[in-house]
Amino acid sequence: MESIITEKRTWSRSDVAELLISRTALTELNLEAALQIVRLLTPQRIKAGTVLIHEGVTSTGYMALVLQGEAVVENEMSGPMHDSMVLSMLTSGSLFGELGVLDGKPRSATVTAITDMDIAVLDRPAMARLIETVPAVACALMGAIMARVAERLRATNLKVKTLTALNLSLQDELSALRAGRPAVDLDIGGGA
Amino acid sequence: MEPFVTEKRSWERKDVAALLASKSALVELDADTALAVLRLMSLQRFKAGDVIIQEGASNTSFLVLVLRGDVVVENEGLSRADSTLLGVVGAGSVIGEMGLFDGEPRSATCKASTDVDAALLSRDALSELSRTNPQQANKLLATLLARLTARLRTITKKLRQADRVNHTLQTELSQLKTAATASATPKAPPPADSGMIRL
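Those protein sequences? They're chains R and A, same order as listed. Every number in our numbering is 647 more than the matching position in the first sequence, counting from 1. Every number in our numbering is 2 more than the matching position in the second sequence, counting from 1.
Hints in this document: simulated from the structure, not taken from any laboratory. In this text, a Cβ means the ideal position worked out from N, Cα and C, and glycines have one as well. Certain hints may be false.
Computed spacing ranges between beta-carbons, pair by pair [said to hold, decoys possible]:
1) A:Arg41 x R:Arg660: 20 to 30 Å
2) A:Ala181 x R:Glu798: 43 to 53 Å
3) A:Gln137 x R:Glu665: 23 to 33 Å
4) A:Arg166 x R:Asp662: 21 to 31 Å
5) A:Thr86 x R:Gly696: 37 to 47 Å
6) R:Arg660 x A:Thr134: 38 to 48 Å
7) A:Arg41 x R:Pro772: 25 to 35 Å
8) R:His701 x A:Thr156: 44 to 54 Å
9) R:Ala695 x A:Gly105: 30 to 40 Å
10) A:Val53 x R:Glu798: 21 to 31 Å
11) A:Ser60 x R:Thr657: 38 to 48 Å
List of simulated lysine to any residue pairs, SDA-like, C-alpha gap at most 25 Å [to be verified]:
12) R:Lys806 x A:Ser44
13) R:Lys806 x A:Thr158
14) R:Lys808 x A:Arg108
15) A:Lys179 x R:Asp819
16) A:Lys159 x R:Leu813
17) R:Lys808 x A:Asp126
18) R:Lys808 x A:Thr111
19) A:Lys179 x R:Lys752
20) A:Lys160 x R:Thr809
21) A:Lys160 x R:Leu687
22) R:Lys806 x R:Asp770
23) R:Lys808 x A:Ser176
24) R:Lys808 x A:Asn168
25) R:Lys806 x A:Ala152
26) R:Lys752 x A:Ser176
27) A:Lys159 x R:Ser731
28) A:Lys113 x R:Ala802
Just some of the chain A residues that point at chain R, by a computed CB distance under 10 Å [what the hints assert, rightly or not]:
29) Arg47
30) Gly105
31) Glu106
32) Ser124
33) Leu128
34) Asn135
35) Ala144
36) Leu146
37) Ile157
38) Leu161
39) Asn168
40) Lys179
Work the whole structure out from these sequences, hints included.
Below, the structure is given as structure tokens:
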């Protein structure tokens, strides 16, 4: 079996395929489908500190599987208190950039390597080839990506909900203070 | 070509296919694919007030294409009796596609605010299409994914806004509290101490 070679080590295709269907990547794929996808992946060695994806920059259209190393996914935030909000950490078996590979819109977050990394890249031409040559595998990949995007959408929805509820209670507290009332203990649902 | 018949009107397949390929529904879906998808869908009619999808429900085996009428999408609130209106969607909109793919409980309630005609696509029908015509299934998946991605981008923007508001509120609140403490301080010490303070 051919292998994927990065500077530091050699990855057998089955190693990469297993990572692709690991818990953090695409569990909906079977090994056979994963192996066919791995054939289209390009290995790449990344130095620590490299910005892999820049928030706001129009996507060149690729997604990648982390073989080894770590990266941080964050949103840039305004305000002096916190300049960025960490969305997640990427480790071996994580997938990133899957939003851009299909829609080519500006990137929604910044991904920065915090250690040296090996990644395996699937770019848009490779995706197109996959759809053309093994459409059933492309279907499986697409479905798996859908599930991940849906999962992120749910998580983000929940964060918005929680933060909105928190903001409401802060607003209540603020208007109580402004009205000169003592700042009573407020539960989330409280308020005058 | 057999038409889709609901109580109020009968839908020519090509009408529904046009909706399916419309800008608001499944962008870039060609007419052939839209028709193929359509053959796998089942028509359903909802009365105004009917719940089409219930938040928290574990039946996630279908997605819904709205053909006619308006659907209110809302979240049940964390606290109070408030539900958050997420939006109102109309003809050409797709709802319920998240659950179809990740199998997680429904994240929002979708209620018919008028009488609604809808076409349902089940997970089984989608797998059938993946088997029989994976090219077409890919086109459908790509368009669904594009929609989902657009929604993720929108909600991420909302999160950033909420975070900004939170930051502003926190700052304002701590300023007010500091001011309140400062103005309360002179009153607090007994008269004997006030001379000390003036020094």
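Can the suggested window of 30 to 40 Å be confirmed for the beta-carbon pair Ala695 of chain R and Gly105 of chain A? 37 Å, holds
Is the hinted pair Lys160 of chain A and Thr809 of chain R satisfied, with a Cα-Cα distance of at most 25 Å? OK: Lys160 of chain A and Thr809 of chain R at ~12 Å, within 25 Å.
Measuring from beta carbon to beta carbon, are Thr86 of chain A and Gly696 of chain R in 37 to 47 Å? 40 Å, holds
Lys179 of chain A and Asp819 of chain R: Cα distance at most 25 Å? Holds. Lys179 of chain A to Asp819 of chain R sits at ~14 Å (cutoff 25 Å).
Should the hint that Leu128 of chain A touches chain R count as held when the rule is a Cβ pair under 10 Å? 8 Å, holds
With the threshold set at 25 Å, check whether the alpha-carbon distance from Lys808 of chain R to Asp126 of chain A stays at or below it. Measuring from Cα to Cα gives roughly 32 Å; hence the hint is violated.
Is 23 to 33 Å right for how far apart the beta carbons of Gln137 of chain A and Glu665 of chain R are? At roughly 28 Å between Cβ atoms, Glu665 of chain R and Gln137 of chain A fall inside 23 to 33 Å, so the hint holds.
Return the status of the interface hint for Asn168 of chain A: holds when the least beta-carbon distance to chain R is below 10 Å, violated otherwise. 5 Å, holds
Given a cut of 10 Å on the nearest C-beta pair, is the interface hint for Gly105 of chain A held or broken against chain R? This interface hint holds because 8 Å falls under the 10 Å limit.
Hint consistency between Lys159 of chain A and Ser731 of chain R [alpha-carbon to alpha-carbon, up to 25 Å]: 14 Å, holds
Lys808 of chain R paired with Ser176 of chain A [C-alpha distance capped at 25 Å]: 23 Å, holds
Checking one constraint from the list: CA of Lys179 of chain A to CA of Lys752 of chain R, max 25 Å. Satisfied? Since the Cα atoms of Lys179 of chain A and Lys752 of chain R sit roughly 43 Å apart, the hinted pair is violated (cutoff 25 Å).
When the structure is compared with the earlier hints, violations turn up for hints 1, 4, 6, 8, 12, 17, 19, 21, 22, 26, 29 and 32 and for no others.
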